[in-house]
Amino acid sequence: MLSNSKIFFKLLLFLLLAAALLFAAGCSREAASDSEPENGVDDETPGVVKITDRIILATTTSTYDCGLLDFLNPLFTEKTGIEVQVISQGTGAALETGARGDADVLLVHDRKSELKLVEEGTFIDRYDVMYNDFIVVGPAEDPAGVDGVASAVEAFNLIAAGEDIFVSRGDDSGTNRMELRLWESAGIDPEGQDWYLSIGQGMGDTLRVADESMGYTLTDRGTYIAIFDSVELVIALEGDPALFNQYGVMAVNPKEHPHVKYNYALLYIEFLMSDEGQNLINSFQVNGERLFFPGYGLK
Amino acid sequence: MANHEEFLIELKGIRKYYDREVLHVEQLLFKKGHVYGVIGPSGAGKSTLLRIINLLTPPDSGTLLFHDRPIPANGAGRLAIQRKMTLVFQKTLLFKDSVRNNVAYGLKARGFPRSVIDERVGSLLKQVGMTDLAARRADTLSGGEAQRVTIARAVAFEPELLLLDEPTANLDPGNVELIEEMITKLARNKAITVVMVTHNVFQARRIADQVIFINQGRIVEMGPTEKIFSAPDHENTRLFVEGRMVY
Amino acid sequence: MSRLFEGIIEAFRLIITLNPALLQIVSLSLRVSGMAVVIAALIGIPLGALLGLKPEKKTRLLNKIIFTFMGMPPVVAGLIIYLILSRQGPLGVLGLLYTPTAMIIAQVFLASPIVIGLTMIGIRARGCDVEEMARSLGAGSVLIAWTVIMESRFAILGAIITGFSRVVAEVGAVMIVGGNIAGHTRVMTTAIVLETRKGNFELAIGLGLILLIISFIINSGLYSIQKGGKNG
Ligand SMILES: Nc1ncnc2c1ncn2[C@@H]1O[C@H](COP(=O)(O)OP(=O)(O)O)[C@@H](O)[C@H]1O
Ligand SMILES: [Mg+2]
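Top to bottom, those sequences are chains A, R and X. Residues in the first sequence are numbered from 1 upward in steps of one, following the working numbering. Residues in the second sequence are numbered from 1 upward in steps of one, following the working numbering. Residues in the third sequence are numbered from 1 upward in steps of one, following the working numbering.
In short, the hints are calculated from the structure, not lab data. There's no promise every hint is true.
As the list claims (entries may be wrong) - Covered, in the sense of this in silico footprint (three residues per stretch, anywhere, with C-beta under 8 Å from a C-beta of chain X), are these stretches of chain A:
1. 56-65
2. 86-92
3. 96-106
4. 222-233
Claimed, not checked - Once the Cα atoms are required to be at most 25 Å apart in a straight line, the calculated SDA-like pairs of lysine to any residue come out as:
5. A:K10 x X:L50
6. R:K227 x R:L28
7. A:K10 x X:C128
8. A:K261 x X:G89
9. R:K108 x A:F9
10. A:K255 x X:P90
As the structure is a prediction and not an experimental result, all values here were calculated from the model. For each residue, glycine too, the CB sits at the ideal point set by N, CA and C.
Given these sequences and hints, build the entire structure.
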């Protein structure tokens with residue numbers, strides 16, 4: 001009974017203030033260790049890298065979710081002491097993030113837009129860093145009869161003709177942009193059709209929705225392989241040159257955004273384009289499969 | 001003429017309006033050591049009068065003098081005067097805290113040392129027969145107990161002026177007697193000036209030595225209790241104290 | 001079904017073995033949301049008390065605005081803070097986007113209206129009476145404010161906890177302004193989104209479970225203090 005609650009409340013207010021102070025102290029401790037001189041490296045536990053600075057990489061879910069960047073970036077950090085902070089979005093959002101100056105370096109896959117933005121001066125130092133391909137996946141029963149067809153446009157035509165479910169990312173990502181170009185080539189406007197589900201989500205979610213709704217979708221090979229064992233979708237079409245998927249790496253132009261860490265961005269680009277970086281990309285495997293191929297795909 | 005030192009508080013030309021004029025007091029003087037009973041029908045402006053004296057409601061015009069000096073509009077001077085009086089509200093309100101801490105509140109506000117607080121609170125609780133309940137959460141008390149604590153809390157810091165707004169309105173006869181006893185004892189022993197609003201004319205007659213009759217925001221008559229009850233100047237006063245006034 | 005079951009088993013394994021990645025995420029979540037609520041309380045309790053002591057008539061428009069902000073979708077809050085903190089925004093020079101500080105700012109923006117609104121409601125019930133009582137007993141302005149707040153402590157505690165529950169469980173705002181950077185701005189909710197997208201349901205469910213457990217602990221604490229509503 002008593003006035004326990006009053007004492008409790010006072011204690012709570014006190015704790016809140018104490019927490020605020022502790023948090024502030026925690027922050028400043030962090031800041032202090034940031035500004036320690038370089039030579040402190042020797043004291044570090046072996047294997048723990050001394051972080052001296054950070055860059056922000058805006059990229060797509062397809063490079064991040066499969067684990068490629070978790071594989072590459074620590075090696076870069078070990079070499080340079082620069083931590084890479086990854087923001088993974090759709091390609092459209094990633095390009096916008098970069099264009100606003102909120103990132104330092106980009107790794108995306110919409111070559112046409114990338115080249116245009118480089119021309120406009122938003123980004124510089126663009127390189128074709130790696131490629132893989134898109135595939136069309138769908139239910140094993142293959143209701144649209146896509147199996148055996150050679151081109152993606154033809155497959156899309158079959159899906160539309162049979163009014164079979166097609167799940168679109170609908171998020172202005174690189175994959176989404178590629179998909180819309182294919183519909184355009186097929187002369188079909190799927191927007192608003194009953195069988196066309198535009199869900200506005202990432203690749204992993206889109207595959208999951210396609211899986212649950214027994215539909216087809218266009219996916220990059222990497223994401224499909226990465227989550228291959230948690231869905232029942234099978235590859236319906238692959239190998240069409242039109243489905244070639246080129247990734248580019250580029251820096252935000254420091255002339256547009258003087259605050260960006262352009263030098264570090266260049267270091268990162270250099271790392272990815274070096275023999276070592278290219279070999280690493282080539283060696284990266286998920287579920288026993290290679291996901292990305294170094295360099296430029298269409299020679 | 002009475003010694004000026006005895007003029008505790010004086011109201012001059014005080015008016016208060018809400019949707020209409022609810023109080024208009026040309027002049028009213030409270031002297032030290034008296035027990036005033038304020039009577040009048042409901043809505044007459046009795047509570048408003050107490051609230052204005054306690055500096056809780058600002059009047060729309062007029063001045064308040066404390067020991068013959070005008071009360072500052074704000075600042076430490078005003079607080080110092082406010083600390084010399086207190087109001088026990090019509091509606092009992094105790095803090096959600098122990099009985100002991102409730103009684104100690106005014107003492108703590110005035111920065112009394114701990115030892116003085118403990119001693120005074122202890123003796124007061126004894127006087128009102130609540131020593132056993134000192135640690136109880138005050139909002140779990142019965143109506144009579146709660147009102148006893150309210151009054152103990154109000155007198156703990158020995159104010160010069162104790163304002164009471166219908167302190168026994170919702171109590172059973174036993175508790176009414178107890179509270180009335182407390183009030184008279186306090187006024188006598190501690191020389192606290194008491195202004196008690198009551199709608200119960202018999203209570204005014206029992207406790208007060210001066211009675212003020214208010215009707216429709218105006219003081220109709222004021223004088224020694226005996227005179228008001230036996231030979232009032234006004235017809236309305238007579239009707240009211242005889243319980244016959246229709247309103 | 002077995003997937004869910006496996007997920008729960010794995011979740012408990014991660015929790016019991018104090019998986020470092022998990023601990024890091026949980027600790028950041030608690031730090032960000034805790035800090036946001038501390039700031040929201042420092043802003044919201046005095047403001048809510050101030051509004052609660054004013055007559056309802058005078059604050060009607062403000063009340064409506066506050067109640068609207070109480071229901072603000074987190075993504076909208078995130079978007080607004082993003083546009084402010086982005087390099088091209090008015091506070092872009094501070095370089096706060098994609099930091100825990102940005103997440104705290106967004107969550108303060110979400111939690112403050114809740115603390116203000118619920119404190120105001122709690123105090124309005126008897127705040128004015130308490131204020132006058134304290135004044136009449138000789139309290140100075142600081143003690144009056146303290147007394148008013150202490151008298152509404154159960155309502156205010158509820159306000160703080162409601163605010164915390166809301167921000168610790170929201171994903172929209174922290175995702176946008178924090179960027180879900182591993183080891184830096186990744187919190188429980190954004191990690192759940194990511195791990196679900198990646199098909200790592202075990203970690204996702206583990207985090208979901210921890211979120212529920214934290215919520216349970218906090219709310220049962222609140223419940224026992226308020227004694228299921230008896231302590232008004
Ligand atoms: N805060 C207020 N707002 C509007 N009218 C009020 C307020 N307080 C009192 N009144 C009005 O003033 C008149 C006198 O009230 P009050 O002093 O409480 O009377 P009493 O205490 O004698 O019953 C009543 O008509 C009452 O309705
Ligand atoms: Mg009254």
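Results of checking the hints against the structure:
1. 56-65: holds (count 3)
2. 86-92: holds (count 3)
3. 96-106: holds (count 3)
4. 222-233: With 5 residues in contact (Cβ-Cβ under 8 Å with chain X), the coverage given for the stretch 222-233 of chain A holds.
5. A:K10 x X:L50: Holds, at roughly 20 Å.
6. R:K227 x R:L28: holds (18 Å)
7. A:K10 x X:C128: Within the cut-off at roughly 22 Å; holds.
8. A:K261 x X:G89: Holds, at roughly 19 Å.
9. R:K108 x A:F9: Roughly 19 Å separates the two Cα atoms, so the pair holds.
10. A:K255 x X:P90: holds (19 Å)
When held up to the earlier numbered hints, the structure conflicts with none and fits them all.
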